[in-house]
Amino acid sequence: MNNLGFFLREAFKNMRLNALMSATAITTTAICILILGAGMLVSAHVQGALFRVSQDVEINAFFPEGVSDEEIEQTRSSVEGYPEVERVTYVSKDEALERYKEIFAESPDLYEGLPTDALPASLEVQLYDSSDSDAVASKLEAEGTFEDLRYPQQTIERVNEFVGYVTWAMRGATALFLVASVLLIFNTIRLSIFARRKEIEVMKLVGASDSFVRTPFVLEGLVQGLIGAAIAALVVLWANSAFVSWAQEQIPYFAVSSSAVNIPFMLLVLLGVGVVVGIVGSYLSVRRFMKI
Amino acid sequence: MIYFDNVTKVYENETVALDNVNLGIESGEFVFLVGQSGSGKSTMIRLLLKEMEPSAGTIRVNGLKLSGISRREVPVHRRNIGCVFQDFKLLPNKTAAENVAYAMEVTGQKRRTVRTKVPQILDLVGLSSKMDKYPGQLSGGEQQRVSVARAFVSQPPILIADEPTGNLDPDTSVGIMQLLHRINRIGTTVLVATHDREMVDVMRKRVVALENGRVVRDMVRGGYTNE
Numbered sequence: 001m002n003n004l005g006f007f008l009r010e011a012f013k014n015m016r017l018n019a020l021m022s023a024t025a026i027t028t029t030a031i032c033i034l035i036l037g038a039g040m041l042v043s044a045h046v047q048g049a050l051f052r053v054s055q056d057v058e059i060n061a062f063f064p065e066g067v068s069d070e071e072i073e074q075t076r077s078s079v080e081g082y083p084e085v086e087r088v089t090y091v092s093k094d095e096a097l098e099r100y101k102e103i104f105a106e107s108p109d110l111y112e113g114l115p116t117d118a119l120p121a122s123l124e125v126q127l128y129d130s131s132d133s134d135a136v137a138s139k140l141e142a143e144g145t146f147e148d149l150r151y152p153q154q155t156i157e158r159v160n161e162f163v164g165y166v167t168w169a170m171r172g173a174t175a176l177f178l179v180a181s182v183l184l185i186f187n188t189i190r191l192s193i194f195a196r197r198k199e200i201e202v203m204k205l206v207g208a209s210d211s212f213v214r215t216p217f218v219l220e221g222l223v224q225g226l227i228g229a230a231i232a233a234l235v236v237l238w239a240n241s242a243f244v245s246w247a248q249e250q251i252p253y254f255a256v257s258s259s260a261v262n263i264p265f266m267l268l269v270l271l272g273v274g275v276v277v278g279i280v281g282s283y284l285s286v287r288r289f290m291k292i
Numbered sequence: 001m002i003y004f005d006n007v008t009k010v011y012e013n014e015t016v017a018l019d020n021v022n023l024g025i026e027s028g029e030f031v032f033l034v035g036q037s038g039s040g041k042s043t044m045i046r047l048l049l050k051e052m053e054p055s056a057g058t059i060r061v062n063g064l065k066l067s068g069i070s071r072r073e074v075p076v077h078r079r080n081i082g083c084v085f086q087d088f089k090l091l092p093n094k095t096a097a098e099n100v101a102y103a104m105e106v107t108g109q110k111r112r113t114v115r116t117k118v119p120q121i122l123d124l125v126g127l128s129s130k131m132d133k134y135p136g137q138l139s140g141g142e143q144q145r146v147s148v149a150r151a152f153v154s155q156p157p158i159l160i161a162d163e164p165t166g167n168l169d170p171d172t173s174v175g176i177m178q179l180l181h182r183i184n185r186i187g188t189t190v191l192v193a194t195h196d197r198e199m200v201d202v203m204r205k206r207v208v209a210l211e212n213g214r215v216v217r218d219m220v221r222g223g224y225t226n227e
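Chains as they are written, first to last, in the working numbering: chain B, 1 to 292; chain V, 1 to 227.
Among the hints, a few may not be true.
Unchecked claim - Capping the alpha-carbon separation at 27 Å, the derived lysine-lysine pairs in DSS-like fashion look like this:
(1) V/K110 with B/K13
(2) V/K110 with V/K133
(3) V/K130 with V/K110
(4) V/K50 with B/K291
(5) V/K117 with V/K130
(6) B/K198 with V/K133
(7) B/K198 with B/K291
(8) V/K133 with V/K117
(9) V/K65 with V/K50
(10) B/K13 with V/K133
(11) V/K130 with B/K13
(12) V/K130 with B/K198
(13) V/K65 with B/K13
(14) V/K50 with B/K198
(15) B/K291 with V/K65
(16) B/K13 with B/K291
(17) B/K13 with B/K198
(18) B/K93 with B/K139
No lab work stands behind these hints, which were simulated from the structure alone.
Kindly generate the complete structure, drawing on both the sequences and the hints.
Shown next as structure tokens:
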């Protein structure tokens, strides 16, 4: 390790002297990682939006006429105790009418003259996971206090199925991007080291050990990978925040949220891929020219 | 110091480069290895550096059998042999001083030692004014002197030169040969492969002549040819 200073100086000096090659390697890395990052962003947002759509599904359980406040309270606390249930909202007859009026505010003839108790009271049951809706529905039925249950079971199933497909498609696409990036970066590094194979030969002839020859190249690969990935990561971060604020303003009905992207994780992946590919790529490339 | 015992080297394309060579070079000797291109001179040098293995026979350098040196130990072995090549083999991205320094750095020497030693050795080869020039800015003779400085900076017991004057004009060649001669006088074993007839005739050193991979002549104070 006391050679670290020497190796670092060598690495940076080589990058400066082979500026064009370094720039090529950095640019290639940046572009590849950028594509990878874009893929991850799209994937995260699509999944996030679908997940939130599926989360918005709720079960409406209607109470019959003449149910007592006590019964309502009892049922409500019982339902709140279900492990699958995230939130329960009680909608009284008055509130139901208010909502109805709000929805049809444009055409007052639809509600004028309705008696105040025309609509039934109900519980709005929000689940943690919409795939539990069948199970929860049968529990609600077993309570015996409800007259009617309404939940879009088919929609839920379809949405869940769709989310599953999309998730796998996105993972596949991301994996393909990853493979393509790795190969492209590898190739660029190989070319830049190929251009310097004579140097490697000379180093070996004056008695440099493999690791002595290799280390500056590997450090160079690491630094290039890191710089390329960092550039790409900055662009991806900027694109993400720009997209989120644009979407929230222009297409509010799509549930785009900044919380859909796990930013620390994504940065870790992008920088990690850059660094690892840089290191492994240069390690393997140098090795090919050291068999002397 | 250097011993070839019944060494044969056959390349993959079945060219016989060395055919049962026996040769002993003692410590402190100055030996010319002469012969035409393809006579086996370069093959002998590459075998000595363990760039490749002989097909048969044993080679001993500095008391060690080369076949017993593992791949991992090859760099250590090479540090005992300073090398000068026809095409100089300098690192193009390093200045004259840095090229010489690199040969010390590979052996893990301290920066301070490197800093004091490099100017000394470049002064010795007469290049103290061109320390910071890159190989591309130096003439052939100057590059070869850098290369000699690099080969000798760690004071290896053996110095090998493969056609060191092959790319140089006669006057420059004399300078390089004088340098090698001085290095030999302080006790270094020097082996020079060459077909520079005049040089060999002038120096009157031991001459080993190769022909088609065989040693055909070995004279203590020889010339390029028999006469």
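Query raised in the report: Okay, which hints does this one fail, numbers in order?
Result: 13
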